[in-house]
Amino acid sequence: MLSNASKSRHDGDLLAVVLIAPAAAVVIAAMLLPLVYAFTMSLFDFRPGFETQGKFLFLQNYLRFFQDKIALQSLLLTLVFTFSALLLELLLGVGFSILLLTVPVWVAKVLRGVYCIPLLISPIIVGLIWRYMYDPTFGIVYFIAKQVGCDQFFGGLQQPGWSMLCVVLADVWETTPFVMLCATAGLAAIPGDLYEAARIDGAGWWNRFLRITFPSLRKVLVVVLIIRGTDAFRVFDIIYALTNGGPANSTLSLSIYAFKKGFEQYEMGYAMAISIIMMVVLSLLFGPFLRRSRIRA
Amino acid sequence: MKHVIPWLPLLSTAVISLLGCNEGLAQSQSDAKGVDEAGDKEGEKVQLVISRWAGSHADDQAAILGEFEKATGIHVRMDAIDYGQLRQKQMLNMGGKTGAYDLVFAQEVWIPEYVSSGYLHALNDYLSNPALTGKDFDFADFEQSLIQTDTIDSKLYGLPTFVQTPLVVFNKDVFGRLGAQTPKTWDDTLSIASKLHQNGTGIALPAKEGLAAVDVWIALARSNNGGYFDSAGKLNLVTPENIATCQFWKDLVAVSMRGSTNWHFDDVNKAVQFGQAPYGITISGLAGQLEDPKESKVAGKIGYAPLPFKQRPFGTLSVWSWCVTADSKHPKEAFRLAAWLTSKQVEKAMGLKNGQVCARKSVLADPDLVNKAPYLPAITESLENADTEPRDKNSPKLMDAMQAALSRIAAGGGDPKSELESVQQQLSNDFK
Amino acid sequence: MGTKLLSAGLKTFFLGGFFLWTVVPVALVISNSFKTQLDIFSVPPTVFFVPTLENYIRALTSGDFGRYFLNSLFVSATSSLLSVGFGAFAAYSIVSLRPKFAMTIANVLLLGKLVPAITMLLPLFAIMNLTGLLGTYVGPILAHTAINLPFVIWLVMGFIQDIPDDLESAAKIDGCTRMQIFWMIVSPLIMPGLAASAILSMQYSWNELLFSLQLTNLDTYTLPVGISKFVGSISVDWGKSSAAATMTMVPMILLGFFVQKYLARGTVGGAVKG
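Protein chains in written order, with our numbering: chain A, 1 to 297; chain B, 1 to 432; chain C, 1 to 274.
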């Protein structure tokens, strides 16, 4: 008996390794090796193309980050962006995916198909179309604002503060479908009879949500939170297309700052250090969520 | 077993992707080994790849490349990509010595970096070889200041071709109604813009946080005898002249068209092109679009002038050049192509096609071109007293700091003096 | 009765509002693709206009659009198949087979998600250059798969964990091998998760720009590279880029509608009441 069990465990481990190997190979080659490279390079001061001729700085690039006013401001802005975008996207994505369950199936299918469209559009075009919509002269946002009478009040992309709001809205538009798709998949896994039983028992919709939907959805939500949260923190394309970090550095996310430092000012070492710091912050922010999802015992 | 079937594609695609690896390679190789009787004596046809930014200028250039191939048998492929990704791609390829590009289109501020990184091939030896330059090359016909821009340590690294300078544009009808003349000085500019602003429009400025604003600002500053450096070459930003320039910029933004603080040159151009803005500062490369009757609502109505000055006229100049890469496998042929692209005939043809401004004196003075492009005189006038942004090793940092400072002054209510002081302090370590 | 009407009304309001919010920008892109520049930039925006096909014609003829489309198809299909395939296997391995340090592996895989794209670009470029694979499809496929894998693995892990233990135990007792359990029991049950992963991986790869531009060459450029050519040089060609974007959008939208079938598939215990 014992030898049988250990033999099957051995086979199981072998199979497990075989199954994980391809995924691990890809991630190691394309993401973890670069990570090691990035960390090594962040200890030097070098220009792109000159990797071997850098000055060894040890942790100086990291110290520099904490003394760099713009870097710290960028960190704050990135956090603001991440929290706002994430919150809105979760609310809207989950909210609408649940709402779609309460309408006839064909209606839900059509609506869901339409709601997913923003996700399917190239980020370049998303940036372009929002830039066009936010333009005070040609854009529809101002057109509507004028009808409502608040076009003087609305700062659009021109004023710091307002620009962050506009960028967040554009990102919400683009990414809510992602949350909605995942939430829909998660909801699909909930057996219908649970709801039926609850309704028979007289539970109202809020109770049904709290007791049935939410607990089952939580796992998916944690994944979405981590994925979407890390993506939002590393935001680049949408801000680059809309404001290039301005006005007055008011939408300068850390990714854009690192890019500028690396490719426009040729300080690759510092850019790498910024990337590493970003990863550390992300681990601190989202790490706790990871530990909570334990593997089924 | 039927559940396994959907997974079979996975295995097959794994196989196909490995095969597909070579597909891209095979295609480009087969282009190089193209069948051509009029090929080089070496037997295998030479193929060149050139790197530049995409757009209508690129399309026009690509259209005439066929003539080069007819004349020399060298096949040319143009890799025109998004401007925002251009420098990265050039740097990655030249740094990695991939040999992917033979000629690169480079801006003057990129060239010092490229040269010090060893990316470019010096061209001096080729200049004296008429087989490579063509019969009527006439090197002296190039604007010498631009040649100087591309020369480092007495070695020439690029042939200049596409010149850009900021330009003032205005709607002659609207100005006529206001009784305004062609604006020349800062005061002219402010007074006209204020009147327009009172009537609901204003001057369209490229005040977005970016290089456009800096390019305009430095011309204004230099016209006021200001600038980045003092006579000893040290960074000296906090001068009365510079502060006055920042104040002028701030005042101008106050009477600018709504949206200017997020506008780059092409947004300004659009505003003028479609009749929204009667006054603006745009860049010469875009002026052609204003005169196209099919695309512009104001074709024929626009007046052109150099940037306004305070004490003496001054402009900012930016030039794109064709440079031969150090890792090119065919540097001689690449140079031949560069010389052909910058030859008098080709430059004139391009100018007639889309009104672009080249670096050849004879072409700029050609009456055919002046008729076609009413903005040429203003451009020539701008170039009389013009200079590029500094091409020093640390100037990217300076540019970046200035961008942010100007944006804060324009949109964030920043104070000119303290913004300049903060930039000076930020960079004091870099510019000793 | 009143509350039912109220709730129906609210539902319509929210669903309809979100519909408009989603559709208006998309409609703008599509309508711009049929307008001349003059019409695009008129104030107030023209609702009625003479449509023109010239943008589509110019976009299709001025670039290598056909080639970009095929390249996009190849890269996206391959990378999403690899992502979903490798990801599902890995997820199953971590959850059900539980090799040693399973959770550590899972966390390490997620660590990959934290790496910013710029950080990946330089080393990846160097690796591709060294192996002579620069300019082929391998670069973008590798990058896209690597970026999608952590997400796919974590999503599918969640679904596998939800499968009741008794099903697997029963199958084991019946003598099924682990792989048979995977094919016959697990895969059908995690279909919504697989479908969501598939479409999300596909759309990411279809629309990705940075790696598709920097790790490829003229022959292997994809559709987003083509679109970017119309955007962002000194001036934006709104007509052509809108046309290019619309053409790029359509396959993905169709795919989205198609995949929905798998998203709402019923599971053990009954279908979700619609």
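In short, the hints are calculated from the structure, not lab data.
A virtual CB, placed ideally from N, CA and C, is assigned to each residue, including glycine.
Where hints are given, some of them may not hold.
Computed beta-carbon distance windows for the label pairs [unchecked claim]:
id	chain 1	residue 1	chain 2	residue 2	range
1	B	Lys184	A	Phe153	35 to 43 Å
2	A	Leu285	B	Ile64	49 to 57 Å
3	B	Arg391	C	Gly132	47 to 55 Å
4	B	Asp153	A	Leu33	53 to 61 Å
Some chain B residues judged to face chain A by a derived CB distance under 8 Å, without partners named [to be verified]:
id	residue
5	Asp173
6	Gly176
7	Gly179
8	Asn262
9	Ala411
To see whether the hints hold, each was checked on the structure:
no.: 1; hint: B:Lys184 / A:Phe153: 35 to 43 Å; result: holds, 37 Å
no.: 2; hint: A:Leu285 / B:Ile64: 49 to 57 Å; result: holds, 54 Å
no.: 3; hint: B:Arg391 / C:Gly132: 47 to 55 Å; result: violated, 36 Å
no.: 4; hint: B:Asp153 / A:Leu33: 53 to 61 Å; result: violated, 39 Å
no.: 5; hint: Asp173; result: violated, 19 Å
no.: 6; hint: Gly176; result: violated, 23 Å
no.: 7; hint: Gly179; result: violated, 26 Å
no.: 8; hint: Asn262; result: holds, 4 Å
no.: 9; hint: Ala411; result: holds, 4 Å
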